[in-house]
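A.B. asks: Spelled out, the chains give:
Protein chains: 2
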Amino acid sequence: MSQRTRVQIFNVSRDGIGAGSDQSLEQPFGHVDPGDLFGWAGATANWVNRSDPGGSRGIEDYITRDFTRNIGAEIMGRNKFGPQRGPWPDHSWEGWWGEEPPFRTPVFVLTHHPRPTLVKGETTFHFIDANPQEALERAQAAAAGKDVRIGGGVTTIREFLEADLVDEMHVAVSPHDLGTGLRLWERPEDLTDRFHLEKVALTSGVTYHFFWRR
Amino acid sequence: MSQRTRVQIFNVSRDGIGAGSDQSLEQPFGHVDPGDLFGWAGATANWVNRSDPGGSRGIEDYITRDFTRNIGAEIMGRNKFGPQRGPWPDHSWEGWWGEEPPFRTPVFVLTHHPRPTLVKGETTFHFIDANPQEALERAQAAAAGKDVRIGGGVTTIREFLEADLVDEMHVAVSPHDLGTGLRLWERPEDLTDRFHLEKVALTSGVTYHFFWRR
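Which chain is which? The protein sequence lines are A and B, in order. So for the first sequence, our numbering puts the first residue at 1; every next one is plus one. So for the second sequence, our numbering puts the first residue at 1; every next one is plus one.
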């Protein structure tokens with residue numbers, strides 16, 4: 001079985017916005033309330049950050065419990081890792097996720113300012129200055145035969161789509177418009193020249209968009 | 001994490017029928033065309049019986065690739081194993097599935113006519129004369145901490161529902177009426193005293209029904 005490159009549980013507004021452009025330490029998603037975008041995932045029984053029992057076990061839970069299935073590495077943009085821009089002032093920033101980040105695989109952070117590899121719990125962060133093709137080759141080698149997740153944010157996913165390196169993609173579209181911010185697409189149908197598109201409407205108002213290569 | 005008892009990828013018609021009552025060697029589902037009920041599953045990339053590449057990777061594929069996740073044993077009725085009734089004439093019948101049945105776990109076949117344990121590929125069939133509670137205890141012990149799938153058919157699932165032993169259930173309802181046959185329910189809403197029910201309509205016309213315990 002070949003290694004696939006997958007986007008999973010990426011969340012945008014009805015008008016295609018995945019985050020505000022005004023990211024800060026206090027607001028990882030800028031002016032965008034992340035609860036508006038991925039509250040559906042937090043409500044499920046198998047959400048990675050759930051610490052209490054309970055949670056829903058319908059279709060949303062099939063999606064969240066698939067998050068780690070056969071994933072051997074993740075690639076993320078620097079802004080998913082932290083709010084800093086330019087050279088790192090020091091290496092004290094170790095991500096948003098505390099002592100046990102939910103990735104539990106090698107993670108490749110794309111940055112023009114490499115820094116030493118960081119081991120945090122079961123996750124190892126590598127900081128690399130590379131184009132999408134080079135980054136994917138490194139991630140595939142680290143994934144030991146498993147698939148590679150493109151973890152976001154918006155800019156990173158767009159770069160991988162433009163390089164035609166994505167095999168499948170699950171995007172949850174919330175029922176709210178945000179107006180301004182970082183935009184994944186103008187219209188999801190713009191991708192149907194290369195991808196099948198299946199839309200599934202949930203009772204919550206969220207619409208799942210599943211893309212897979214034609 | 002406690003062991004859960006799950007029904008997954010069970011298929012019925014719009015009027016709740018899962019199989020004809022006239023099962024035979026030639027027609028495992030009696031007068032019911034199984035393609036009408038679970039053609040959606042066969043179209044997916046990760047369907048257990050798929051031998052060629054290709055297949056869809058939308059929501060249906062999330063369901064089929066979850067089929068084996070964390071399952072340690074299955075319980076099935078005798079009529080899922082074979083078309084015979086009453087005492088076994090001999091032990092030459094070894095199931096519908098050929099040399100490599102898709103279960104790959106211990107399987108407990110409920111029958112009033114026990115026969116010796118059968119190892120077939122990676123699957124081991126145990127034939128037991130037991131009530132649902134006893135069968136579940138044996139399956140849970142064999143599952144080594146993983147969940148137990150109630151594999152059907154209709155009569156077996158009804159028995160486990162009546163004994164209140166099912167924690168969650170995924171049923172795909174096709175858009176066709178069948179009129180006669182073995183009926184899982186009069187109406188799915190009859191189960192909502194004990195279960196949450198989420199319905200998700202697919203573009204194919206199939207409606208997934210997800211139940212999980214309140």
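Fair warning: there could be bad hints in the mix.
[Unchecked claim] Mimicking SDA-like on lysine to any residue, the simulated pairs with C-alpha atoms at most 20 Å apart in a straight line are:
1) LYS146(A) x LYS199(B)
2) LYS146(B) x ARG69(B)
3) LYS199(A) x THR68(B)
4) LYS199(B) x GLY77(A)
5) LYS199(A) x LEU202(B)
6) LYS120(B) x THR68(B)
7) LYS199(B) x ARG65(A)
8) LYS146(B) x ALA43(A)
9) LYS120(A) x GLY77(A)
[As the list claims (entries may be wrong)] Examples of chain A residues toward chain B, derived with CB under 7 Å:
10) ASP36
11) ASP52
12) GLY54
13) TYR62
14) ASP66
15) TRP88
16) VAL200
17) ARG214
[Unchecked claim] Where chain A lies over chain B, by a calculated footprint (3+ residues, C-beta under 8 Å):
18) 54–63
19) 196–206
Please keep in mind that the hints were generated in silico from the structure rather than gathered at the bench. Built from N, CA and C at the ideal position, the CB exists for glycine as well.
A.B. asks: What are the numbers of the hints that this structure violates, sorted from low to high?
C.D. replies: 1, 3, 4, 8, 10, 11, 12, 15, 17
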